[in-house]
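Asks: In order, the protein sequences belong to chains A and B.
Residues 2 to 272, numbered by my numbering, are exactly what the first sequence covers, in order.
Residues 9 to 313, numbered by my numbering, are exactly what the second sequence covers, in order.
None of the hints are false.
Simulated crosslink set (PhoX-like; lysine-lysine; CA at most 25 angstroms straight-line):
id, chain 1, residue 1, chain 2, residue 2
1, A, K168, B, K62
2, A, K168, B, K134
3, A, K168, B, K140
No lab work stands behind these hints: they were computed from the structure.
Residues per chain, in single letters:
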Amino acid sequence: MRRVQWGPIAREEAALLLRARSARWLFGLLIFVCVAGGYLYPVVGPEPHTTARFSSFLIGWLTTLVPLIGLLIGYNAICSDRASGSLLLTLSMPYSRRDLVAGKLFGRMGLFAATIVGGLLAAGVLVVYPYGELVVSPFLGFAALTVGFGLLYTALGVAISMAVSTKQRATVLAFGVFFLFVLVWDVLEMAVTFALVRVGFIDGELPGIVAFLFAAEPGSVYGRLIAGFVDPAGSVSGTWYLNEWTALVLFCLWIVCPLGLAFWRFSECDL
Amino acid sequence: MSAIEVTGVSKRYGSLLALDRVDLTVEEGEIFGFLGPNGAGKSTLLNILLDFTKPTHGSATIFGADCQVNPVAARERLGVLPEGYDVYDRLTGREHIEYAIRSKDADDDPVAVLRRVGIREDGDRKASEYSKGMAQRLVLGMALVGEPDLLLLDEPTSGLDPNGAAEMRRIIEAENERGATVFFSSHILEQVQAVCDRVAILQGGDLVAVDTIQGLRESLGGGTKLIITIDGHRPSALETVRETAGVETARVSEDGTTLTVTCTNDAKMDVLVGLHGAGVDVVNFRTEEASLEDMFIEYTGGSRQ
Numbered sequence: 002m003r004r005v006q007w008g009p010i011a012r013e014e015a016a017l018l019l020r021a022r023s024a025r026w027l028f029g030l031l032i033f034v035c036v037a038g039g040y041l042y043p044v045v046g047p048e049p050h051t052t053a054r055f056s057s058f059l060i061g062w063l064t065t066l067v068p069l070i071g072l073l074i075g076y077n078a079i080c081s082d083r084a085s086g087s088l089l090l091t092l093s094m095p096y097s098r099r100d101l102v103a104g105k106l107f108g109r110m111g112l113f114a115a116t117i118v119g120g121l122l123a124a125g126v127l128v129v130y131p132y133g134e135l136v137v138s139p140f141l142g143f144a145a146l147t148v149g150f151g152l153l154y155t156a157l158g159v160a161i162s163m164a165v166s167t168k169q170r171a172t173v174l175a176f177g178v179f180f181l182f183v184l185v186w187d188v189l190e191m192a193v194t195f196a197l198v199r200v201g202f203i204d205g206e207l208p209g210i211v212a213f214l215f216a217a218e219p220g221s222v223y224g225r226l227i228a229g230f231v232d233p234a235g236s237v238s239g240t241w242y243l244n245e246w247t248a249l250v251l252f253c254l255w256i257v258c259p260l261g262l263a264f265w266r267f268s269e270c271d272l
Numbered sequence: 009m010s011a012i013e014v015t016g017v018s019k020r021y022g023s024l025l026a027l028d029r030v031d032l033t034v035e036e037g038e039i040f041g042f043l044g045p046n047g048a049g050k051s052t053l054l055n056i057l058l059d060f061t062k063p064t065h066g067s068a069t070i071f072g073a074d075c076q077v078n079p080v081a082a083r084e085r086l087g088v089l090p091e092g093y094d095v096y097d098r099l100t101g102r103e104h105i106e107y108a109i110r111s112k113d114a115d116d117d118p119v120a121v122l123r124r125v126g127i128r129e130d131g132d133r134k135a136s137e138y139s140k141g142m143a144q145r146l147v148l149g150m151a152l153v154g155e156p157d158l159l160l161l162d163e164p165t166s167g168l169d170p171n172g173a174a175e176m177r178r179i180i181e182a183e184n185e186r187g188a189t190v191f192f193s194s195h196i197l198e199q200v201q202a203v204c205d206r207v208a209i210l211q212g213g214d215l216v217a218v219d220t221i222q223g224l225r226e227s228l229g230g231g232t233k234l235i236i237t238i239d240g241h242r243p244s245a246l247e248t249v250r251e252t253a254g255v256e257t258a259r260v261s262e263d264g265t266t267l268t269v270t271c272t273n274d275a276k277m278d279v280l281v282g283l284h285g286a287g288v289d290v291v292n293f294r295t296e297e298a299s300l301e302d303m304f305i306e307y308t309g310g311s312r313q
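Required output: the full structure, derived from the provided sequences and hints.
Replies: Structure representation (structure tokens):
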């Protein structure tokens, strides 16, 4: 087995991302949202105020902002270098295509993860001080799951970036994913439910397979993980395909599958 | 072990055959020139060596490591100036070199590298502001990092002025002196002629010749070129010349009155006698030593039939 080689690429990626103004703005926004959440939660959230229950307070914002940042830092990782030709410069050095993808993903993800952890840490301080309660392990779980959620969407963005050869297509696909999963998914689910009820096919509950499909969307999976593992006040459906353990499996599949499929395609193509 | 070993490599893009069963061996320590007009398939072969492109058939190795199966091992001893690259947007020239040093786990001094390729003064500028020639020097600098055993240079002098091209040649020679094998492609004969031990000529995806410069000259029969003026357009004249033993190539000018023939020294008189026998009146003739330029045109030009 060859030594792991993607270190210098990851370092370069992180340094380049920090120089990009748009990325600094996005990371700043994330920290602002976390801190604002931590400030508002003790004021408007229900008692008791603990770092465990804080997760449910913040999750609505995170399920919009984290996918946006993940997709934006991921979708041009490969394809813009490929279009310009600087990809050839990287691959002229002793890196495999796998090193390249790993370096790109982990370099960008490293900064993103640091931002998430930093933001949540600051928020945690605001929640605990002066009247809240620190519950350590659920809060760590919350941070870990949120980093995982960020990884999921960054990986999805990188997968899009590998699968197409032009930046335009990657942009369209990335915004398509954001629009579908983050902006209209719930509306879509309501519309389907409403339509099925109107034609008399169901009386309120979606059939199992359809409910499973709607619940498999990453944000919804992340929400069930928080409700099932982190927030003591959260509750998750008892049906096996809607419970938190199935959500955990789906979460891992979302991270691995798109990236794996896109890499398989990318590793065989002519550059 | 050979530095480069290409075995039966073909590459097909749809209906276009970019490379047709190319076999090629480059020995360690050589300066090897890879010649051919634009679009002949030179870059395709280099891209296969670098695993940027997958061959349709055949295989290639660099120092014994298969370029497709084990591309990183193949690239580990390599310095590359690829074709169609672009520099990194937000990095300065010096940061480019530093990146190459980290990536290759080398301990070169970035300033020394910049000085060597002649862009030390511009090392702290963003490389995206560089001219084509400066970018070319920068990427050559990245290729030189870590004392590679093999330099793969795709059209290294493109974008360089004559002065820069001469510097490039000196660097190639110095690297070879150090012990590196150099493989570079060019569509300009005189650059290859000046430094190469051996050359390969690629035309339309076919390897039409692999030899030393001297060998190529000799294969043209001592380099004799006959320029014959005849009394008028005679369709039979070209046929007659081509059928004469010892004739390598023959072509006719557009008005049909001038024949240009390359042949062995001994065949000169046979050509003239043959023409006379076929009833063609020779008005005038002269001989020239075939230059490599002629040879290159003969090998790659459309006039060869």
